[in-house]
Amino acid sequence: MQRIGVFICWCGSNIAATVDVVKVAEVMKNEPGVVFSANYQYMCSENGQQLIKQAIKEHNLTGIVVGSCSPRMHEATFRKTAEAAGLNPYMVEIANIREHCSWIHKDMDEATEKAIILVRTAIAKVKLNAPLTAGESPVVKRALVIGGGIAGIQAALDIADAGFEVDIVEKNATIGGRMAQLDKTFPTLDCSACILTPKMVDCAQHEKIDILSYSEVEDVKGFVGNFNVKIRRKARYVDETKCTGCKVCMDKCPSKKGLNAFNMNLNTRPAIHIPFAQAIPNVAVIDPEQCIKLKTGKCGICQKFCGVGAIDYEQKDTFIERQYGAIVVATGFKPIALDAFNEYGYADNKDVITSLELERLMNAAGPTNGVLLRPSDGTHPKVITFIQCVGSRDSSGCGKPYCSKICCMYTAKHAMLLREKYPDTEVHVFYIDVRTPGKNYDEFYRRAVEQYGVDYIKGMVGKVYNENGKLMVQGSNLIDNEQITIESDLVVLATAIEPEPSVRKVATLLTASIDTNNFLTESHAKLRPVESPTAGVYLAGVCQGPKDIPETVSQASACAAKVIGLLVKDKLKTNPCVAIPDEMMCNGCSQCANVCAYGAITYVDKEFRLGGGKTEVRRVASVNPAVCQGCGACTVTCPSGAMDLKGFSSKQIMSEVEAICKK
Amino acid sequence: MQEVTTEKKEFTPNIVAFCCNWCSYAGADLAGSSRLTYPANVKIIRVPCSCRVNPMFILKAFQQGADGVILCGCHPGDCHYVTGNYYTRRRMSLLFSFLSYMGIEKERTRVEWVSAAEGARFSAVMNDFVKTVTELGENKRLTDLRIKEGK
Amino acid sequence: MKDVEMKMLERAKALLESGEVARVIGWKKGDFCFDPAPASFETVEELDNFVYDYFCGANLSKYLIQMSKKEGKTAVFLKPCDTYSFNQLVKEHRIKRENVYVIAVECMAKLDIEKIKAKGISMVESVEVVGKEVKVTSAYGVETLYKPDVVLTKCATCTKTHQVKDEEIILHERPARDVDRFEEVAKLEAMTADERFAFWREQLSKCIRCNACRNVCPACSCVKCVFDNPASGIAAKANDDKFEEQLFHVIRAFHVAGRCTDCGECSRVCPQNIPLHLLNRKFIKDIDNLYGEYQAGETDEGKTPLTSYTEGDAEPNDVMNGEAK
Chain A
366 MQRIGVFICW CGSNIAATVD VVKVAEVMKN EPGVVFSANY QYMCSENGQQ LIKQAIKEHN
426 LTGIVVGSCS PRMHEATFRK TAEAAGLNPY MVEIANIREH CSWIHKDMDE ATEKAIILVR
486 TAIAKVKLNA PLTAGESPVV KRALVIGGGI AGIQAALDIA DAGFEVDIVE KNATIGGRMA
546 QLDKTFPTLD CSACILTPKM VDCAQHEKID ILSYSEVEDV KGFVGNFNVK IRRKARYVDE
606 TKCTGCKVCM DKCPSKKGLN AFNMNLNTRP AIHIPFAQAI PNVAVIDPEQ CIKLKTGKCG
666 ICQKFCGVGA IDYEQKDTFI ERQYGAIVVA TGFKPIALDA FNEYGYADNK DVITSLELER
726 LMNAAGPTNG VLLRPSDGTH PKVITFIQCV GSRDSSGCGK PYCSKICCMY TAKHAMLLRE
786 KYPDTEVHVF YIDVRTPGKN YDEFYRRAVE QYGVDYIKGM VGKVYNENGK LMVQGSNLID
846 NEQITIESDL VVLATAIEPE PSVRKVATLL TASIDTNNFL TESHAKLRPV ESPTAGVYLA
906 GVCQGPKDIP ETVSQASACA AKVIGLLVKD KLKTNPCVAI PDEMMCNGCS QCANVCAYGA
966 ITYVDKEFRL GGGKTEVRRV ASVNPAVCQG CGACTVTCPS GAMDLKGFSS KQIMSEVEAI
1026 CKK
Chain B
66 MQEVTTEKKE FTPNIVAFCC NWCSYAGADL AGSSRLTYPA NVKIIRVPCS CRVNPMFILK
126 AFQQGADGVI LCGCHPGDCH YVTGNYYTRR RMSLLFSFLS YMGIEKERTR VEWVSAAEGA
186 RFSAVMNDFV KTVTELGENK RLTDLRIKEG K
Chain C
6 MKDVEMKMLE RAKALLESGE VARVIGWKKG DFCFDPAPAS FETVEELDNF VYDYFCGANL
66 SKYLIQMSKK EGKTAVFLKP CDTYSFNQLV KEHRIKRENV YVIAVECMAK LDIEKIKAKG
126 ISMVESVEVV GKEVKVTSAY GVETLYKPDV VLTKCATCTK THQVKDEEII LHERPARDVD
186 RFEEVAKLEA MTADERFAFW REQLSKCIRC NACRNVCPAC SCVKCVFDNP ASGIAAKAND
246 DKFEEQLFHV IRAFHVAGRC TDCGECSRVC PQNIPLHLLN RKFIKDIDNL YGEYQAGETD
306 EGKTPLTSYT EGDAEPNDVM NGEAK
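Chains as they are written, first to last, in my numbering: chain A, 366 to 1028; chain B, 66 to 216; chain C, 6 to 330.
Hint data in this document are derived by calculation from the structure and do not stem from the laboratory. Any given hint could turn out to be false.
Residues on chain C that point at chain A, a partial pick, calculated with CB under 10 Å [as the list claims (entries may be wrong)]:
| id | residue |
| --- | --- |
| 1 | Lys74 |
| 2 | Glu97 |
| 3 | Cys230 |
| 4 | Val231 |
| 5 | Ala236 |
| 6 | Ser237 |
No experiment lies behind these values; they were computed from the predicted model shown. Glycine included, each C-beta is placed from N, C-alpha and C at the ideal position.
Take the sequences, apply the hints, and build the full model.
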């Protein structure tokens, strides 16, 4: 006989303010099968859990329903509670009367009525629950970090320092990412390279870290603890083990007109090149689109001059497969394309540049060796106008609806640096709001205004146009309520950032959720901010949302802590809610295996007794519970209903449907 | 138990929403924590993946008196189980088209993809669906498909 | 037709005599000329009752699920439409292909005794088909009917050709036909929802749940039917709700979607004359429109439309709003 206990949580006033929790608990006392029903302020609290444990023991409960917040929040908590009281943890169902009820309904009667139905539905389900036992799967003690920017570097270093092997897969020829392109960093104005490159070197020298540069993740199979990853090592036409980074090839290469992506295409580089001086690995790469030898078969000069014989024009992409227990995604960002923003004249005027281009123009290793010169004529600009929120907070559809978060601070940084280096320049900044939360951030911005005399104008820019070689920036000054035009020599657009487009493929391979802006979704916005909903996948840096360097580094270290916490385990509990075939019903028709994304279903010939001493051999499905992820695709494909899903059985769902529809 | 038989009560449809655990259920949670309202007659059943939803569940809901059934899952390509919602998409396209062929108003069935980040969308979808079904009125079709003397 | 029957008999005899097969599945004579029944022949003597004529409409492929498990090979005569069911069953591992000897035979469109009776002819003694003419001899004399008026519904729109690989073939040449099997589905689609509902309620209300459709259907060949599976949550219990009663045909149609070869046996055997094939054809039509032409049973391998997908598949809401391609 079923003995169900019902526990209605108030969640302080979160539930109790709109749901009559006392009434719900009272009504449940009369439900068939329910032998105990109670309400309490905070079920998840120590006392609340104690109440549940006590009731399980005293009333010999066979199943419990907790009417509380989302199961995504506390299902695990209450399962542990049940287990501690000797009840199988899977004999617990949660009725979500907070997120799906009290928080969205205002009328008390209406919300109470709905809560009653939701709790009844959970009772109907729990009555059909069966005790389940989680299996175990081993953990591969190696982590993969996808992306070798500051996020990936930090995560890799922290994981490796804890004694675990880490591979960094970086699609570019060197690690370093966007941070390597920055000149200075806010709010302390450190030289970006000076603080980044030591970490890059640490990665290269760490015995536990393997840098797979110029490589991409090609395929991912498996699950937490046991990912099997195929990695494409792109042909760089240079033997990584031989190249010494001497750069002789770069001097000799006759094809020098390739756009230098590291310098935001503001200058050129040879076909064979090392992206920048501090590149890790310090190994050349040949751009096959540009190399004369690879395109025409004639040339081979670099090979001739290479003292160590590192050049290999025959190199092909290769694939390696490795196993990992955990994966950190740190794929980073890029500035958005400005094609849709004609009003700023970016495409038409060389002297309208993005902030990242300005970083390169100010950097000593940049195209102008750190001297700020206008791209159009190489003269020193005297009036520089910054436009903030270009493509950020833009609901017009041209840009991004979100705030890119870093632009206010880097624009203040740029303005300050310019005024410091070139006191004769006049610097204006158009802004909608200046957002500077963060330690020492607002002080930093105020320094720009107060100490460095940067002219901040609250207002939007309507148009930038060229008049006799001058850039006319036409905008509104909302404080003075007037239209103004600033005659400028250089215009800098604080361009919105977006996730690096390759993240989409990575997300698909990892089955990690992604939002409408292509940011990876964290498991919980507040409480599990570095975990992807896909177990064993962690998120660091801008791939999860706009953030600056300090935040990125914190998040990367948090990821590392999560990864280390996973890798120290020898075994993981597996999800017991997996598919299970009823062999007596199974036709062996293979339809289920056809839809299984994991290859968890195989077939075996089995002998069945037919009665009267006769037997029959039939082909029947067999599910590997360690591989099955419990999606249930097979259950619907099966015509006879032989395939069912533990924890979400057909009967359970049917009974939920009935409970909801019953009038 | 709480049978209310007041005369001429405004029709409120009974809606069953199947939501996948990873995207849509989380989207509904986000709608909740963002306090984005939608009518109380929407009741959600959590399934691991939209591909767990057997047509029998939907038929059962209609037969038991549901006025509308909506199925929500991750956006195609973003399925937590890689391909689950691709199968859902085909199954439901065919099933719903078939139900329409049987004479069930097509507005009573719907598939929407709602990600975990789309709380606002979840709320908007539910409001719109409830509005549509309310306009259609009570569903008496599937409950009496085989009863000739249906009322 | 007689010459085909002779050849078939000849082959059946030879195969049994040589011991190459242990049994032959074909049709045996019934009490009347119009009710031959599927039968298994294990000896040459038994073949005395063998028949193949214009009333041998039954699809024999389903019998092979059990027969192919038996000791020794089983020979079977398959009409063009039956070969699709055969392939589908091989694909689903239900028939042990290596245990079956297939002989493909011509069909020539079978006759529907109900349609002949509906013409007011009773006590039919024999029929003779010459071209498009059917000469029916009854106790009351001889009448000539126009053949297309009295063929089985499934034969009226049949365009099927033999699909079985490595078979032995006994057939006449026949011209390709150009008929639209979806005409009636399209007619229903063009109705209003209310009209469609009225149509189907009228039709399905006739159902007496005799299970003849399920028993004859080659796609409905589950070891145990979902309606008899207590774990499915739909198996009927005495005085339970009428779920199974009401939705049997909907669920059945969905279960065979993508697997139904449109053999038309369901409608042929329905004692209440419910046009059940129009349910299955709706799925076939939608599958063709949405995912490209697909004929279940054309081959004995590969995935079905419901166990495959493309990333650009139509969205259900677009399908419902008629906006899908």
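These are the hints, each one checked on the structure:
Against a cut-off of 10 Å between C-beta atoms, the interface hint on Lys74 of chain C holds, since the closest Cβ of chain A lies about 7 Å away. Checking Glu97 of chain C against chain A: minimum C-beta separation of about 4 Å stays under 10 Å; hint holds. Proximity of Cys230 of chain C to chain A holds as hinted, the smallest CB-CB distance being about 7 Å (cut-off 10 Å). With a least beta-carbon distance of about 4 Å to chain A, the hint placing Val231 of chain C at the interface is held under the 10 Å criterion.
With a cut of 10 Å, the hint placing Ala236 of chain C at the interface with chain A holds, because the nearest CB-to-CB distance is about 6 Å. Because the closest C-beta pair between Ser237 of chain C and chain A is about 4 Å apart, less than 10 Å, the hint holds.
In summary, this structure violates none of the numbered hints.
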